[in-house]
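Novice: Here are the chains, one letter per residue:
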Amino acid sequence: MKISYSWLQEFVDVPYTPEVLADKLTLLGLEVASLTPIGKNLSNVVVGEVIDLKPHPQADKLKVCTVAAGAKKYNVVCGAPNVAVGQRVPLALEGCVLPDGMEIKKTEIRGVGSQGMICSQKELGLGDDAAGIMVLGESFEPGTDFNSAKGITDCIFEIELTPNRPDCLSMTGIAREVSILTGNVLRYPVYSKPEVLEKQDDNISITIKDPSLCENYSAYIIRGINVSPSPFWLANKIEKLGMRSINTVVDVTNFVLLEMGHPLHAFDLNKLKGPQIIVRRALQCEKIITLDSKERILDKSMLVIADSDDPVAVAGVMGGASSEVSVETTDILLEGAYFNPVSIRKTAKSLGLSTEASHRFERGTDRVGFQKALQRAAYLIAELCGASSISPLIENNALPAEEKFIVCNTKKISSLIGVELSHDEIVAFIEKLGIDIVQRNHENLKLSIPSYRVDIAIEEDIVEEIARLYGYDKIPMARPGSTYVECEVNKKLIYSRFTRDVLVGAGFYETLTCSLVSESVNKRIPCWLSEPNMPPVCVQNPISEMQKALQASLIPNLLDVVAVNVKHKAEAVKLFELGNIFVPVSPMQAHEKYMLCIAVAGNIEPASWHGSAELWDFYKFKGFLVGYLDILDIKSYMVDRVTLEYLHQGRSAKLYDGDTFIGIFGQIHPSVAIDLGVPENTFIAELDAQFLIDKMNLRGAYSPLPKYPAVERDLAIVVDRQINFQQIAETLAMFEPPLMEDWKLVSLYEGDPIPEGKKSLSLRMRYRSADSTLKDEEADSVHNDYAAQVVRKLGCELR
Amino acid sequence: MFEIKSQISKIKVDAESLIRSCENKNEIEQLRVRFLGKKGVVTALYKNLKDITPEQRPEVGDLINTLKDEVARELDCKQSFFLRESLRSRLVEEELDVTLPGKPVTLGRIHPITKVLQRVIDIFQALGFSVAEGPEIEKEYYNFDALNIPSHHPARDMQDTFFIDVGTLLRTHTSPVQIRVMENRKPPVRVIAPGRVYRNEAINARSYCLFHQVEGFYVDKHVTFADLKGILGHFSREMFGAKTAIRIRPSYFPFTEPSLECDVSCFLCSAKGCRVCKYTGWLEILGAGMIHPAVLKAGGFDPDEVQGYAFGMGIERTALLLYGINDIRLFFENDMRFLSQF
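Note that the protein sequences, when read in sequence, are chains A and B.
When we follow numbering that gives the first Met the number 0, the leftmost residue of the first sequence carries the number 0, and every step to the right adds one.
When we follow numbering that gives the first Met the number 0, the leftmost residue of the second sequence carries the number 0, and every step to the right adds one.
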């Protein structure tokens, strides 16, 4: 909302410069977003009066004006179409530099001397109007310095009001705050009844069908008016605050809106059928053409102002075109009302139409004070438009406003703020706010809340007002964390940190990607945790197709990140992300699951001058994953083949524990790699992090180090090629002798001299006794028995 | 007797001169064999002992022993000299250009958002706050109604919302966790709730459809506005430096009353005024206030018994300021050239 610094001074003395006032308002909770000075640095501009006008002898479009400025007269050549004798105009004289840099000099235009320039609003930097010269009001005295004339130089404040303070959506609203802040008297606009016939019997029927939506509808009938362009002072005020000057009637309603914060509307009375006013809900699919010339289709939830036949305005939002005030209008109905904020908001939302009026009505207007604004506007129109008569106030007060009371306790106020404020201090603050104390009972005060403060509803609202006036900056800082509150261990947080540290130490970059993805992503890379063909959950109102679905896997985004980095010539891409996926369970429902996704591609480390770099392969990636699970002390899992369309069918696996699916890992399918633009040796893993959190043991467990040396023995076997390593490991486990500590695979070989369809494995067993040094013979005997059992079970040969 | 004595001294002299003139490890080994080997000169002396009278044998035996030790010592001495020499020349040969680049062993990076988030969590954990989380797909009730934002309240305009279904949405802030925690616990509670939140906003340099937030709140019998101010001051100094000042000013959130916005003195220009702080010397970093009684009630707490404060801040905004980044999208593109800077 825009506020004029010079206009503000009409309502309250402001003892601050615009900059200081901006800070003060901000600290009072009215955040000033910007300050825009207007009309600064204009020297050598005077107010002149055009006293004579002659055509230019050499040019049809130019005129030669005689402009009087006090005792001096100037000859000025002017090309503006609107220049006329008797006008008071801003005259720029020699030495003046206009805001656009143009310097005014005495000059000759087509053979006629010109001693200055009559300026338009735009040329003076006071507005956008460049159509003609600026015509000033009677209050401008010829010969005076234009710059110092009231209302010319100004500073416009842009205030970002929070939605709870509709009472500040006007000049007087802000002035009220300044008055509270400074203690200076607030001067509400002073106006008096115009000298116009008050026609006591002029009336119109006002019907309110639903008082819960419109509590009070009031109006004046003003007749015999002459609708014309607004005088300078009026147009100037509303234009500075960003409104367009249209005509006296419309400008007055806007002027009062800006001044007092109440939206008003004028109908051309002769275009109202009946004539009568019915405030009612719209019929389903009823139509109205609004002032912006658009046809609006209404529904039953919307409130309209109607005449005897049709809607003539969307209540509180916008008037109708059919009853618009024009230059032909002679009689008007000027309305003011209190509408239900929720109803106005719903209507404005569903029509997609937000106006100055709806903005205020939906935040809550002053249900009592609006009649003052209505009266002010009616009198002003009657005066400015030379009305022949004005009616008394015509009112339907369907639901009289109730006075609002709050009981508050001064002790509680002190305790919430945390500052010892005395009872008397608090009372003083309350009085300063213009809130009446209607009852006092020791610490308890009963307050009558002014009708314009729609935001004050409970005791805590009074606390805020008092804290605000006391000054947030003066409230002391208490020492934090004084009482003991039992803390909960957050295993997820511990896991996440640990994982990040481990992976970062292993060379991985952490990524964060957008949880909203294109719906098509799920088709190529579906969620391995959901039922097949289950579509992802989508937001109903996406910003774009690209951010529509909630990601059902972290894999697609992480692969995109791989692609981005490969494109940027990253040589060794090692990435991970920890985040939530949304496993769809029905079209609009999903389980949120915390996942860890890891991706690698290309070289393990960037190539360097030492020679070729090592590439990622399946076993290196698996080795890394196992190492990671090992450091979490998670051992109870199995690995098996898995078929997923986006992974290489022979190089993809699942991790599981009994019936629980823990994760998947493997090489990206070569055609997916081509589509995405990632290297063929791109590997990905996605693990259920919640499972890891539940199963991890970061505490560690100590077992004593061995005292006696170990003995190692090798076992070389030749087995059928299709026997997988898991089967061999299970067989070894089956016969594991007590003295065996550990075993590992030391070599795997296929090809000559091993027969076709066979493979050779070398296994190394380590034996150790806990209470003596193992003798060779003992180890031999244990190993040979073990080897014989394993060979028999596997049906293989020894080498 | 005399003969054997002179033989011993001659061997000694010979050995010393031979060892001295010896030029490599192999010659030392040959000399060791020649003097001390099984058929060596010194060993042979022992065989001659039998020709000596028993009375003189101990004396001569001693002399031979001494000779043997002396020769062995000389040999060892010379041998270790050669070892030292060969090691020295090996080290010279093995000299590298230490200024050449090393073989790459890249370490990873924690995402800058996580870094800032962890820092915030650390500061509050150290003050005794627990960490709680809530779902990202949230009930409209928790996101709005329970937080004193009824339907058609203008405050809903402050947060453009993604809807999933009737009554279900993507949370627009982490404040719903307040209600969820209160529903499950008894006062006092002191909790922070970090997490992802969503806003239906166009993606550009200044806004994104999601970001991270940390919500914090403390409810107890005597929690005051001054306590809130204290915690904000402490947090700001820990987060932005010991000299950081805060400025709080009245504001409006439906779920707090009184409400405030907290600015910190601009750490980019030491509050002198710069482009980022719009020449005000202040940076807006969080919103806070005393929890609205309607919110306490919605969480099942009795506003006549307890009171509390709550605060919330955006992590992306803080990170943008801290690192002087001008495009929020960089956080979600994950270009390693960007990530490697943190």
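Derived by calculation from the structure, the hints in this document are not laboratory data.
In this text the structure is predicted, and so the values were computed from the model without any measurement.
Built from N, CA and C at the ideal position, the CB exists for glycine as well.
Some clues are possibly wrong.
[What the hints assert, rightly or not] Distance condition first, Cα-Cα at most 27 angstroms in a straight line; then the derived DSSO-like pairs of lysine-lysine:
1) A:K445 with B:K114
2) A:K547 with A:K592
3) A:K473 with B:K296
4) A:K490 with A:K445
5) B:K296 with A:K403
6) A:K592 with B:K46
7) A:K568 with B:K220
[Claimed, not checked] From chain A, some residues computed to sit far from chain B (all C-beta separations above 12 angstroms):
8) A70
9) E159
10) S211
11) R362
12) E463
13) E485
14) D559
15) G622
[Stated by the list, open to error] Not the full set, but computed from the structure, chain A residues with beta-carbon under 7 angstroms of chain B:
16) G433
17) G470
18) Q539
Novice: Now, for every hint given, state plainly whether the structure supports it.
Specialist: Each hint tested on the structure:
no.	hint	result
1	A:K445 with B:K114	violated (51 angstroms)
2	A:K547 with A:K592	holds (19 angstroms)
3	A:K473 with B:K296	violated (30 angstroms)
4	A:K490 with A:K445	violated (50 angstroms)
5	B:K296 with A:K403	holds (23 angstroms)
6	A:K592 with B:K46	violated (91 angstroms)
7	A:K568 with B:K220	violated (59 angstroms)
8	A70	holds (46 angstroms)
9	E159	violated (10 angstroms)
10	S211	holds (14 angstroms)
11	R362	violated (5 angstroms)
12	E463	violated (3 angstroms)
13	E485	violated (8 angstroms)
14	D559	violated (9 angstroms)
15	G622	holds (17 angstroms)
16	G433	violated (17 angstroms)
17	G470	violated (10 angstroms)
18	Q539	holds (5 angstroms)
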